[in-house]
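Asker: The lines below spell out each chain.
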Amino acid sequence: MATKPKLHYPNGRGRMESVRWVLAAAGVEFDEEFLETKEQLQKLQDGNHLLFQQVPMVEIDGMKLVQTRSILHYIAEKHHLFGKDLKERTLIDMYVEGTLDLLELIIMHPFLKPDDQQKEVVNMAQKAIIRYFPVFEKVLREHGQRFLVGNQLSLADVILLQTILALEEKIPNILSAFPHLQEFTVKISNIPTIKKFLEPGSKKKPPPDDIYVRTVYNIFMP
Amino acid sequence: MTTKPKLCYFRGRGRMESIRWLLAAAGVEFEEEFIETREQYEKLQKEGLLLFGQVPMVEIDGMVLTQTRAILSYLAAKYDSYGKDLKETVRINMYADGTLDLMMMIALAAFKPPEEKEENLTLIVKKAKTRYFPVFEKILNDRGEDFLVGNKFSWADIQLLEVILMVEELDASVLADFPLLKAFEARISNIPTIRKFLQPGSPRKSILQF
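First to last, the sequence lines map onto chains A and B.
Numbering-wise (UniProt numbering), the first sequence opens with residue 1 and increments by one.
Numbering-wise (UniProt numbering), the second sequence opens with residue 1 and increments by one.
Careful: at least some of the hints might be erroneous.
[What the hints assert, rightly or not] With a straight-line cut-off of 20 Å between C-alpha atoms, the simulated SDA-like cross-links for lysine to any residue are:
no., chain 1, residue 1, chain 2, residue 2
1, A, K6, A, Q54
2, B, K87, B, T66
3, A, K127, B, A176
4, A, K170, A, P114
5, A, K187, A, E169
6, A, K78, B, D85
7, B, K46, A, E137
8, A, K204, A, T185
9, A, K38, B, K84
10, B, K129, A, Q53
11, B, K129, B, A176
12, A, K78, B, A77
13, B, K126, A, N123
14, B, K138, A, K78
15, A, K127, B, Y41
16, B, K127, A, P222
17, B, K84, A, H79
18, B, K46, A, I130
19, B, K129, A, L50
20, A, K87, B, E59
21, A, K170, A, R131
22, A, K43, A, M221
By construction, these hints were calculated from the structure, which means they are not laboratory data.
Just so we're clear, the structure is a prediction, and the values are computed from it rather than from any experiment.
Same shape as in the complex, but just chain A (with noise of 0.2 Å):
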């Protein structure tokens, strides 16, 4: 029988929260140990669990996979979530990178300073409608399907399915120019694994507050 995945980080988004959208959209169960303190990163380092002593860190198959996006390959690849062939993954690979570029500025919000807090909701909101939400419309508008690459589910819908609700979250009405991304938006949310993810109870962890900030000062600064 096979164990679980294990995720090792703060109980919060961060950029752990991408690895829980993929494991939870490929129907994988996975459990948590929650970084509370800097003692037991600490502990972590010490034991050599962290390559770079790093989190996030996924126990997984054998392995303690570090860098975020090296544990999204590995799960997208394991799971089937990265097209059919060399040119699919490519273009699925373009799509995530583009679009986890976007979902930094979320994951770096909370730790701006309160006066620079609005002005980056702007900045958030101006590159998604400028930069990057035209981009994945047009896709959507040309080929008429469902998914972003190859009419199946991969890493690609995952992520920006994660990050257009983030950016919901701040700015309620952000979709309101990209019909082909609302309909988007609706379809994947209603893929079964997706759906639960989206019901209470699951592992999808809430907006950041303060307590997480905090705990990630506590955990991270020297």
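Since chain A is already given, all that's left is putting chain B on it; use the hints.
Answerer: Chain B alone, transformed into the frame defined by chain A:
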């Protein structure tokens, strides 16, 4: 006759340099279009060649690729530098991602104000010596092989050599405590395609070109 890949970027290292390394290591000749004016950049955007309005961009095999890591992953797979199975690939990815983090710190240092630059570069050398190089020294020690993964030359080896040379430009003695990395550096530098890339006149960009 296939067309050569075409790289589109500024005349400097930045995010394109790892791509140049990979192509060169694979013995692939390529062309470069250097963006030197705002007009050139806007022209590329208008032509719809830049997916998210950004470079690096590489035209290869009938595709227009952007996003550094996506390009690197494609090339690594295409040139059989990505391991023999998923477990090897993920190790290569982790090592490459680590080196890319360190290289990004160095690339971004160029844009820091002069008064912060020295402190920044010292910090980078320290990170290299405490966080990254010990990891690779240990891998080479534990496995006793010539290469990082699967006893075969891979993308991870190219990335490691690239970052070693970049950090040595900041501090020539940085490998003093890493004998296996020193040997690795000599060994990988002597691979014919890489030796060629390290010679003057190659597409390799210099430290002065950010």
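Asker: If a hint holds in the structure, say so; if it does not, say that too.
Answerer: Cross-check of the supplied hints:
no., hint, result
1, A:K6 with A:Q54, "15 Å, holds"
2, B:K87 with B:T66, "26 Å, violated"
3, A:K127 with B:A176, "45 Å, violated"
4, A:K170 with A:P114, "15 Å, holds"
5, A:K187 with A:E169, "19 Å, holds"
6, A:K78 with B:D85, "11 Å, holds"
7, B:K46 with A:E137, "18 Å, holds"
8, A:K204 with A:T185, "17 Å, holds"
9, A:K38 with B:K84, "38 Å, violated"
10, B:K129 with A:Q53, "13 Å, holds"
11, B:K129 with B:A176, "10 Å, holds"
12, A:K78 with B:A77, "16 Å, holds"
13, B:K126 with A:N123, "33 Å, violated"
14, B:K138 with A:K78, "28 Å, violated"
15, A:K127 with B:Y41, "18 Å, holds"
16, B:K127 with A:P222, "14 Å, holds"
17, B:K84 with A:H79, "18 Å, holds"
18, B:K46 with A:I130, "14 Å, holds"
19, B:K129 with A:L50, "16 Å, holds"
20, A:K87 with B:E59, "13 Å, holds"
21, A:K170 with A:R131, "18 Å, holds"
22, A:K43 with A:M221, "16 Å, holds"
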